[in-house]
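Undergrad: What follows is each chain in one-letter form.
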Amino acid sequence: MRRCFAVLSASTFCLLVNTAGAQEVSENSYFEDLPVVLSVTRLAQPLDETPGAVTIIDADTIRRSGARDVAELLRLVPGFLFTRRYGANPVATYHSALDTYGARVQVFVDGHSMYTPYFLGGTQWGMLGVVLEDIQRIEVLRGSNSAAYGSNAFLGVVNIITRHTADTHGGMVSVSAGEKGIKQNVVRVGGGNDVASVRITASRRNDDGLDNVYDDMRLSQLHLRTDLRPSPSDELRFHLGSVTHAFGEGAPPSSCNASFIGKQPGTCDGSPIRTNEWRRAYAFGHWTHTLGADESFTLSAHHETERYTDYSIASQRAKLGAFNVVATAVLDVSGTSSRQSIEAQHTKRFNEYWRVAWGGELRREENQSVAVYGNPDSVSAHQARLFANVEWRPGRNWLVNAGGMVEQHNIIGHLFAPRLMVNYHLTPDHTVRAGASIAQRAPGLLELRAKHDLTVKYSGIVLNPVVAAYLKSTGKAQEEIMITNEVGYLGKIREIGLNIDFRGFVERMNDRLTKSAALDFVNSPGPRIRGFEYQFDWRPLADTRLVLSEAHLREDKGSYSDETLETPRRTASVAWFQKLPLNFDFSLISYTATPYKWTGLLPTSRQLDGRVAWNGRFEGQRIEFALTTQGLNGGHAELAPEYRFTRRTFATLRIDF
Amino acid sequence: MTYGFAWANGPLKIWVALSEEGGAHAEAASALRAEVEKGQSRPIEWVIAPWREFRAGVPEPGWVVAVGSAAQRGMQEMFAADPTPPPLLTVLVPRLGFERIAEQRRLRAGTLSAVYLDQPPARQLALIRLALPQAKVVATVYAAESRALIAALEGAAQAQGMKLQHAEVGAAGVFPALQSVLSDAQALLAVPDPAVFNGQNVPAILTAAYRQQIPLIGFSPAYTKAGALLSLYSTPAQSGAQAGVLLRLSLSAKSLPPPQWPQDFAISINASVARSMGLALDEAALAAQLKQRSHP
Numbered sequence: 001m002r003r004c005f006a007v008l009s010a011s012t013f014c015l016l017v018n019t020a021g022a023q024e025v026s027e028n029s030y031f032e033d034l035p036v037v038l039s040v041t042r043l044a045q046p047l048d049e050t051p052g053a054v055t056i057i058d059a060d061t062i063r064r065s066g067a068r069d070v071a072e073l074l075r076l077v078p079g080f081l082f083t084r085r086y087g088a089n090p091v092a093t094y095h096s097a098l099d100t101y102g103a104r105v106q107v108f109v110d111g112h113s114m115y116t117p118y119f120l121g122g123t124q125w126g127m128l129g130v131v132l133e134d135i136q137r138i139e140v141l142r143g144s145n146s147a148a149y150g151s152n153a154f155l156g157v158v159n160i161i162t163r164h165t166a167d168t169h170g171g172m173v174s175v176s177a178g179e180k181g182i183k184q185n186v187v188r189v190g191g192g193n194d195v196a197s198v199r200i201t202a203s204r205r206n207d208d209g210l211d212n213v214y215d216d217m218r219l220s221q222l223h224l225r226t227d228l229r230p231s232p233s234d235e236l237r238f239h240l241g242s243v244t245h246a247f248g249e250g251a252p253p254s255s256c257n258a259s260f261i262g263k264q265p266g267t268c269d270g271s272p273i274r275t276n277e278w279r280r281a282y283a284f285g286h287w288t289h290t291l292g293a294d295e296s297f298t299l300s301a302h303h304e305t306e307r308y309t310d311y312s313i314a315s316q317r318a319k320l321g322a323f324n325v326v327a328t329a330v331l332d333v334s335g336t337s338s339r340q341s342i343e344a345q346h347t348k349r350f351n352e353y354w355r356v357a358w359g360g361e362l363r364r365e366e367n368q369s370v371a372v373y374g375n376p377d378s379v380s381a382h383q384a385r386l387f388a389n390v391e392w393r394p395g396r397n398w399l400v401n402a403g404g405m406v407e408q409h410n411i412i413g414h415l416f417a418p419r420l421m422v423n424y425h426l427t428p429d430h431t432v433r434a435g436a437s438i439a440q441r442a443p444g445l446l447e448l449r450a451k452h453d454l455t456v457k458y459s460g461i462v463l464n465p466v467v468a469a470y471l472k473s474t475g476k477a478q479e480e481i482m483i484t485n486e487v488g489y490l491g492k493i494r495e496i497g498l499n500i501d502f503r504g505f506v507e508r509m510n511d512r513l514t515k516s517a518a519l520d521f522v523n524s525p526g527p528r529i530r531g532f533e534y535q536f537d538w539r540p541l542a543d544t545r546l547v548l549s550e551a552h553l554r555e556d557k558g559s560y561s562d563e564t565l566e567t568p569r570r571t572a573s574v575a576w577f578q579k580l581p582l583n584f585d586f587s588l589i590s591y592t593a594t595p596y597k598w599t600g601l602l603p604t605s606r607q608l609d610g611r612v613a614w615n616g617r618f619e620g621q622r623i624e625f626a627l628t629t630q631g632l633n634g635g636h637a638e639l640a641p642e643y644r645f646t647r648r649t650f651a652t653l654r655i656d657f
Numbered sequence: 001m002t003y004g005f006a007w008a009n010g011p012l013k014i015w016v017a018l019s020e021e022g023g024a025h026a027e028a029a030s031a032l033r034a035e036v037e038k039g040q041s042r043p044i045e046w047v048i049a050p051w052r053e054f055r056a057g058v059p060e061p062g063w064v065v066a067v068g069s070a071a072q073r074g075m076q077e078m079f080a081a082d083p084t085p086p087p088l089l090t091v092l093v094p095r096l097g098f099e100r101i102a103e104q105r106r107l108r109a110g111t112l113s114a115v116y117l118d119q120p121p122a123r124q125l126a127l128i129r130l131a132l133p134q135a136k137v138v139a140t141v142y143a144a145e146s147r148a149l150i151a152a153l154e155g156a157a158q159a160q161g162m163k164l165q166h167a168e169v170g171a172a173g174v175f176p177a178l179q180s181v182l183s184d185a186q187a188l189l190a191v192p193d194p195a196v197f198n199g200q201n202v203p204a205i206l207t208a209a210y211r212q213q214i215p216l217i218g219f220s221p222a223y224t225k226a227g228a229l230l231s232l233y234s235t236p237a238q239s240g241a242q243a244g245v246l247l248r249l250s251l252s253a254k255s256l257p258p259p260q261w262p263q264d265f266a267i268s269i270n271a272s273v274a275r276s277m278g279l280a281l282d283e284a285a286l287a288a289q290l291k292q293r294s295h296p
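Heads up: the sequence lines are chains L and Y, in that order.
Taking my numbering, the leading residue of the first sequence gets 1, the next gets one more, and so forth.
Taking my numbering, the leading residue of the second sequence gets 1, the next gets one more, and so forth.
Listed next, the stretches of chain L that the computed footprint assigns to chain Y, with coverage defined by at least 3 CB atoms under 8 angstroms from CB atoms of chain Y: (1) 24 to 32; (2) 35 to 43; (3) 166 to 174.
What the hints contain is simulated information worked out from the structure, not anything from laboratory work.
By construction, the Cβ of each residue, glycine as well, lies at the ideal position given by its N, Cα and C atoms.
Take these sequences, add in the hints, and give me the full structure.
TA: In structure tokens, the structure reads:
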């Protein structure tokens with residue numbers, strides 16, 4: 001009898017196997033030589049050997065958290081702050097609410113940087129543009145990491161790794177519906193073998209966002225990923241996809257003192273209610289070539305385009321004697337952007353003492369917007385960077401990481417970001433760490449090249465149109481610098497199932513970029529943030545997991561008196577994950593932040609989320625039914641005091657087949 | 001004419017038929033010989049050779065040892081027509097392979113026995129319990145050939161308070177079966193089924209399991225080297241020595257006891273994989289604990 005076992009060999013998809021011959025059970029299986037598959041360079045670095053603090057959120061935690069996007073999940077990471085920009089744009093950042101775009105953290109999806117060159121290098125859409133069900137794990141590097149990840153890794157790095165397509169064969173359908181307009185559908189199909197696999201994920205998500213603000217959102221995304229293994233030493237990966245995020249912004253007209261001739265009581269509609277749209281299409285590829293058990297080479301290339309639409313007409317109305325006077329201005333920040341990058345990296349482990357990773361990247365970004373840049377031509381910037389990290393083990397318990405990145409930016413010149421980190425294993429389960437780094441953030445095209453004017457036109461009165469400048473970037477903006485000194489401890493107490501992670505830090509920001517009175521982006525001394533944070537991840541029983549994270553922060557002002565308000569004095573999250581009999585499980589997660597300021601100073605916020613789920617199998621299908629309530633404790637303010645996140649419950653049915 | 005057990009006079013003649021020359025088979029044979037000769041005053045005439053080189057004829061040997069499955073088959077066939085064949089002890093054979101070709105008649109008569117190469121299921125699962133105390137579900141995949149292994153593994157898992165999640169590899173290949181069991185599992189147990197766990201499949205199986213941070217438990221040092229978290233096995237010398245003891249004790253009893261599981265075993269750990277998975281394991285300590293469990 002001959003049977004076909006698919007996917008046995010790298011060169012053929014189907015190897016015919018004679019079950020009566022070579023496949024007979026014998027001692028040969030015991031004495032067969034096998035190739036080294038998980039060589040040291042292919043294994044993930046243990047957390048106690050990383051040159052910095054790392055928190056990992058795995059797929060199980062993601063599923064059981066009830067979170068609806070990556071930014072929400074990051075509240076589980078000590079020191080992370082979260083808000084929703086105008087309600088519909090979830091943003092997460094580390095330690096300080098320096099901006100509402102998440103521009104000072106770097107987000108990667110499968111190794112590719114997910115910032116938006118159009119607006120200040122923001123990452124909020126990068127975090128939205130991935131389907132949670134596809135994520136294998138999220139590695140969060142707490143603290144600056146420009147030396148390894150380039151100039152956007154200013155406060156921290158969020159490394160999102162999606163599942164290998166070989167692990168998502170079959171289909172998956174997930175349907176959620178609930179209060180506050182929550183609707184979310186995800187459909188995924190995948191197939192192939194271990195030589196070639198493919199996956200397509202489509203997702204739609206709607207919700208009404210926060211209370212007291214027009215922020216309804218509709219998010220549609222389509223992602224395709226292919227993994228190929230043309231030979232045992234080569235892995236190829238291709239990604240292709242698009243994301244469309246349509247979201248409300250603006251506020252209803254309100255009474256004001258209209259400012260045309262003197263101050264007149266009237267009505268202002270400064271940010272009209274509208275629906276904006278952000279579209280992104282991307283393609284990227286990644287090739288890893290293994291040159292042996294201790295050496296590998298990777299090459300990757302990335303291309304993406306974005307189109308942003310935000311057009312409205314602002315107005316002020318007032319009665320001037322018998323006349324109804326209206327002043328109007330077109331608000332248009334619509335435009336397009338594109339960026340490309342190519343990167344190569346070589347990793348070699350020379351012996352048990354030395355390992356080196358080095359490489360380079362070329363990157364180009366281009367924006368086009370008549371309204372924002374004041375001319376129909378596109379503006380562009382390009383960067384070339386070289387990076388290297390040397391890992392040295394001078395003794396059995398010592399590990400030294402020394403690295404740096406040199407970047408050449410065509411507008412601002414050279415940048416250099418070095419880092420030194422020393423890890424010492426007190427025992428195999430207890431490690432202390434100390435180090436220092438200098439990180440850079442290069443200004444984006446908006447900060448360098450914007451020329452954004454508003455033309456105000458009048459009716460009901462004879463007045464010439466007035467051109468009012470809004471942004472006048474002179475191109476003198478220089479890089480921001482962050483100097484970090486840190487200590488850390490990572491411990492495992494196996495007897496009781498407890499993991500401890502501690503980080504103490506002083507982060508001094510130099511040359512912070514802000515918009516000046518002259519409407520330019522200028523550097524000025526930035527704040528100094530100091531404090532400590534820790535996480536206890538405890539599994540007292542096989543079915544119980546408790547995670548306590550807390551950060552104590554202080555911000556000393558640099559140039560602006562309210563900088564001290566950008567950092568809450570304390571943030572904390574407590575998560576309880578519990579498996580129950582009969583395939584039930586529940587989780588309870590609470591987040592707290594003491595008062596701090598995004599666009600407005602928020603009072604202490606508390607959010608309690610709960611989720612109950614039942615898992616089952618039915619004729620080979622896996623079924624999960626979950627009920628999630630976010631904001632069980634009522635509600636709290638996000639972004640500004642009047643924007644309220646209030647209780648919402650939604651149900652999710654997920655079937656894997 | 002058959003001499004049967006008539007060895008009272010003259011040297012004792014023992015054939016050791018090897019499936020393959022050299023390597024593990026020769027190592028087992030020399031360990032066996034050393035063990036039999038311990039405290040044995042009677043001269044022994046050893047014939048140690050690949051099984052194909054043996055020819056039926058007179059005088060027949062007093063005892064036959066087959067090292068490996070091919071040798072077992074060869075030696076059984078050689079004496080198939082013989083109503084009183086010399087006792088045959090096989091070593092370095094997996095239980096399934098042995099049982100598949102063992103002559104029932106000879107098993108009952110005590111003229112056929114074995115020291116299995118595979119580890120008893122209880123020991124395998126006890127090791128997983130010791131090394132991965134948090135593990136609740138152990139996964140495995142197998143082909144139709146090895147179906148018989150599963151019930152015993154399931155029972156052993158239950159005895160350790162764990163569940164065995166298993167899937168048979170069908171026409172669709174190893175991958176779908178593997179995916180169907182990995183999702184809930186905390187460990188993947190390799191079984192010596194050559195249709196599933198072979199040199200061509202193991203790289204894909206190992207990487208798939210590692211992506212989900214599921215350690216593979218192997219059954220030979222090669223698995224540990226390839227990237228299994230740990231492997232549990234008996235070395236050829238351990239198997240040969242156990243067979244030697246068994247044979248020495250049987251010489252006077254003139255018949256063989258029922259087949260045995262291996263007594264001695266070794267554990268090898270891949271330290272890099274263990275570290276990467278955040279596990280602290282020690283080969284010697286684990287082996288000592290497991291031995292204690294095996295012989296309370």
